[in-house]
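Residues per chain, in single letters:
Number of protein chains: 2
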Amino acid sequence: MLQKKIAKHLKQLGQKKFRKEFEEFVVEGIKGVGEALKSDAEVVLLVVEGNRRDEDEIAKLIVLAQQDNIPVEFCGRKDVDEIKTTDTFPGVLAVVGQEENDLEDIVDAPIICLHEVKDPGNLGTIIRTADWFGIKNILLSEECVDVYNPKVFRSTMGSLFHTTIFRSGNISKTLERLKEEFDYEVNALDMDGNDVSKLKSKNNAVYLFGSESHGVSDTLEELIDNRYTISGKGDAESLNLAISAGIVLYKLSS
Amino acid sequence: MLQKKIAKHLKQLGQKKFRKEFEEFVVEGIKGVGEALKSDAEVVLLVVEGNRRDEDEIAKLIVLAQQDNIPVEFCGRKDVDEIKTTDTFPGVLAVVGQEENDLEDIVDAPIICLHEVKDPGNLGTIIRTADWFGIKNILLSEECVDVYNPKVFRSTMGSLFHTTIFRSGNISKTLERLKEEFDYEVNALDMDGNDVSKLKSKNNAVYLFGSESHGVSDTLEELIDNRYTISGKGDAESLNLAISAGIVLYKLSS
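Note that the protein sequences, when read in sequence, are chains A and B.
Residues 1 to 254 in my numbering are what the first sequence spells out, letter by letter.
Residues 1 to 254 in my numbering are what the second sequence spells out, letter by letter.
One or more of the hints may lead you astray.
The list makes no distinction among identical chains, and a pair is therefore deemed to hold if it is satisfied within one copy or across any two copies.
Stated by the list, open to error - Once the Cα atoms are required to be at most 25 Å apart in a straight line, the calculated BS3-like pairs of lysine-lysine come out as:
| # | residue 1 | residue 2 |
| --- | --- | --- |
| 1 | K200 | K151 |
| 2 | K20 | K198 |
| 3 | K84 | K8 |
| 4 | K16 | K60 |
| 5 | K202 | K233 |
| 6 | K233 | K38 |
| 7 | K31 | K233 |
| 8 | K38 | K202 |
| 9 | K11 | K173 |
| 10 | K4 | K202 |
| 11 | K8 | K179 |
| 12 | K60 | K31 |
| 13 | K233 | K4 |
| 14 | K5 | K198 |
| 15 | K31 | K173 |
| 16 | K78 | K202 |
| 17 | K233 | K173 |
| 18 | K200 | K118 |
| 19 | K38 | K4 |
| 20 | K233 | K11 |
| 21 | K4 | K78 |
| 22 | K179 | K60 |
| 23 | K198 | K8 |
| 24 | K151 | K78 |
| 25 | K60 | K233 |
| 26 | K198 | K38 |
| 27 | K173 | K17 |
| 28 | K151 | K118 |
Please keep in mind that the hints were generated in silico from the structure rather than gathered at the bench.
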């Protein structure tokens, strides 16, 4: 049985406000926990389903945690229903400290900026794709879905630990600073710009994507230097946001 | 109140075996129902939540349906909980006949072939993206998630009605026929091929994508003429399938 205090804490981390308060989040599953342990992130606690402790891959994670003096707690079947964030609990989870970056941490290379992205799958997939193409700096507006939401984490497939994410409290001000202090230009993807084939990768450039439903917000209009569009030929009304970002990331890396 | 017979039928269409038996599926929401009514698809029935019948967009759909002599049924709050496929019922759904295509219907242009794609969001997003880039012919293996699954339909954003989908009962035989009878070549996307920058669009080419977890199956090995890879530079283990397909579709259209 898991201590009540720990079970309660894990349940609280299901909510954004508590994740923010404790500056922690939950990573579920063998692959994710393995990535967390390998990364620079601070793993606070490992929770393992007791009757699965001897499974090969889980046993390896326990050894890794113990080597780093990370406490390991074992839980029973009943606990699992309380704490799991997926339908089928994968036998292991970790409580991990959130990484807090400053703007200065992402000004050494191109930046992918997401404004008001609401879908956890889209945000996670964009982080995973950016990581694939070696574009590691990501800037999120305050209205984006919480990057430490378990659905976002699952979609990143561990790439959250390979990227540097700065969560802005005021995206307009942050973009202004990037332009003025760090000489960045802002390139927005929208429906009415130059063909994306003209897009070139620049070290001091922000590539800005708006929300799934409204695109790039008018409030950022004055900060945008260039606009690019992925032209369609068919009858679909729009492209999925993560697909648009995937195409831009491919262009930037090729 | 909805007649019991209709409520039962709608519930049954939540299951793949009944969708197959009746050759029908359910489209929920104003946009989807609108696309269905505009398309060549056979709309069998419209179901409207009674107290929303006067809302502008819903009233327009009712008029469109009546012009085509499509029966319109009204349902109450209680019915909604029984029949909805989304958390919040959007006020209107349509029962639509499935379109059955032959292989001959997709041999006039490039073909996107998906083998064992299991994730509804991926399948729907790929159909939407193919439609965006004007690539309309889609071939699905028998193991793919049902294209008439409501989650797939939602992810297509209506593009199911703009594309021609052939569902093969035996993908190896279908690819063989495409090669022998229709002179197609088969290009597979996998981890170990030529760089995708070398990919060219050809009218008589199949672009083959494997499953999310296993990639292109060995069982199709002998049918593959060329292999292409989207090279990564970062630390992610793989690209999301829909993102890979999106990049290929972009390459084919540019």
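Next item on the list: Please write out, lowest number first, the hints stated earlier that are contradicted by the structure.
Entry: Per hint list: 1, 2, 4, 8, 9, 10, 11, 13, 14, 15, 16, 17, 18, 19, 20, 22, 23, 25, 26 violated.
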